[in-house]
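**Q** This is what each chain is made of:
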Amino acid sequence: MIMPSDNTLVYALSFSSGFSIMGIELLGGRILAPYFGSSIHIWGSIITVFMLSLSIGYLIGGKLSTLSSSLKYLAYIFLLAGTFVLPIVLFSDPIMQTIFIHVEDTRYGSLLAASCLFLIPTLILGMISPYAVRLLVNDTNESGKVAGSLYFVSTLGSALGTIITSFYLVLYFEVNQIILSFSIILLSLGTFALLFYGLRQVPHLKKAKHV
Amino acid sequence: MFSPPFNALLLRRKSIQINTNDIVNCFLFLFILFHSSGSFAEIIHSEPSLYRTILVEEKNDLRCIRFNVNAKNINQTCVYQSQPDKLVFSYTKLLFSALLLNRKPSDILIVGLGGGTMSNTLHQLLPESNITNVEIDPAMIKVAREHFALIENSKVKTFSQDGRLFIKRALLKKQTYDWIILDAFNGDYIPEHLLTQDFLLEAKALLKSNGILSANTFLGSQLYDYESATYHSVFGEFFNIKSTSNENRIILVSNQTLKPIKPNMLLQANFKQLTVLLRPYGIELEDILNIMSLTTGSHDWPENTRILTDQYSPANLLKEQ
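One line per chain: the protein sequences are Z and A, in this order. For the first sequence, my numbering begins at 1 and goes up steadily by one. For the second sequence, my numbering begins at 1001 and goes up steadily by one.
Since the hints were made in silico from the structure, they are not lab data. Among the clues, some could well be false.
Claimed, not checked - So these bits of chain Z aren't anywhere near chain A, every CB distance computed over 12 angstroms: (1) N7; (2) M51; (3) S70; (4) L79; (5) F84; (6) L86; (7) N138; (8) G144; (9) G148; (10) Y151.
Claimed, not checked - What follows is a set of in silico ranges between Cβ atoms, one per label pair, in the way DEER data are often shown: (11) Z/L156 - A/P1138: 35 to 41 angstroms; (12) A/Q1321 - Z/Y108: 55 to 61 angstroms; (13) Z/S181 - A/N1316: 39 to 45 angstroms; (14) Z/Y108 - A/T1176: 24 to 30 angstroms; (15) A/S1046 - Z/I101: 37 to 43 angstroms; (16) Z/K145 - A/E1146: 57 to 63 angstroms; (17) Z/P94 - A/E1146: 40 to 46 angstroms.
Glycine is no exception: its CB is placed at the ideal position from the N, C-alpha and C atoms.
Work out the full structure, taking the sequences as your base and the hints as a guide.
**A** Written out as structure tokens, the structure is:
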């Protein structure tokens, strides 16, 4: 079996995380609409929560990369992300019902609901990019180029996640089926990365050279 | 006597002169034509909104609401300024078909205010009925109040809220209605959460035991089948009332099993009175009755059509297909 190189795998993982983040964000509007409507502030709540989660995720992912850097930990992040996407499928109705009853203002109701459903999985997915940059950088002179390439791949994933979800997936599948598929993809990629790359004895990462 | 070359030049100049005059005359003619027929709509107000800019325009005797200057966009609400009671659009008239099932609904909920034509007309017809208007866009309510004389008093209330949320909260408060009117769809965008089986079940739970629901919706796309199957899954057989212009249809459903309406029903005294009452608004019950058809035994959508739910409701994509 021809296995992709470490770098190709890291790029593929970043692409998938970008794809999943925007796919879930787009479906967020659909998930919240029955309880909080389709007013413009619903999108305000969703986008705020996603941006906030990503910003915290970037911070934590960057910090984590200074403590340890191996594909094993990137695989763990994926497994964690896939697991924390599942509550969106399993508990969104009771969570939104409770918030709907207790918070009458739909602005804060939708903000709270979006936080409960999307903050943790998006935060974990946000950790991937900075951690992946650390895995790819071998030479600090190249760090900008590597970060650029990684953002390109991850944002391209986001663009495709947005268009494929909104143009096609919603036309054929239920919201929960799509979210569940994202979760399965994240868990499968995490497992694959862990089994075939993360558990190898040889450390694959070199310490970045300082010039 | 001019020399031949000069003659030719004069002739050519004359022909140029004639052509210029023709063009000027042509413009003058077109200007007079357009001005005399009043084909230019004048925008008298532009209201900024969270959702879209709302334009109020006047053309001849009509005052209308439009959502943007794009010519493809149809008017949302129109009134005749000289006869404000007379309804302009056929779909508004067709909504009154519900009165054939319930002559005097006392509690009415209207989801989607527009210019408030429906609310005003119903208040004039049924002054004792309680009318609740729900409109998502506060700017639309402002326009209805300022430019379309929206009537508001102890019997007519208007709330700015998403229709789905209003209905969910009304269920918690155990409110009930005799007639729910869903008129929240404009030509550009359909609120997909107002088309699902889950939503219709909530609306049905809000109806009194003999309550009715009318929905103003679309014709001529794949959405027709999905919408029909969804309404049928919640209410059973329903009345289909398709406008003659083939753009809109009214779905009329009831909490009780519907039976075909006999044409001689209008001969009954109370309906004779209703026919007379509706006539000044341009509503002819007989015409409506002629195009009302019950779906029993005549489903014009495939039996295996997928039902729209909160989980699956690509209404805007289906409308384009």
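**Q** Sort out which numbered hints this structure fails and list those numbers smallest first.
**A** 12, 13
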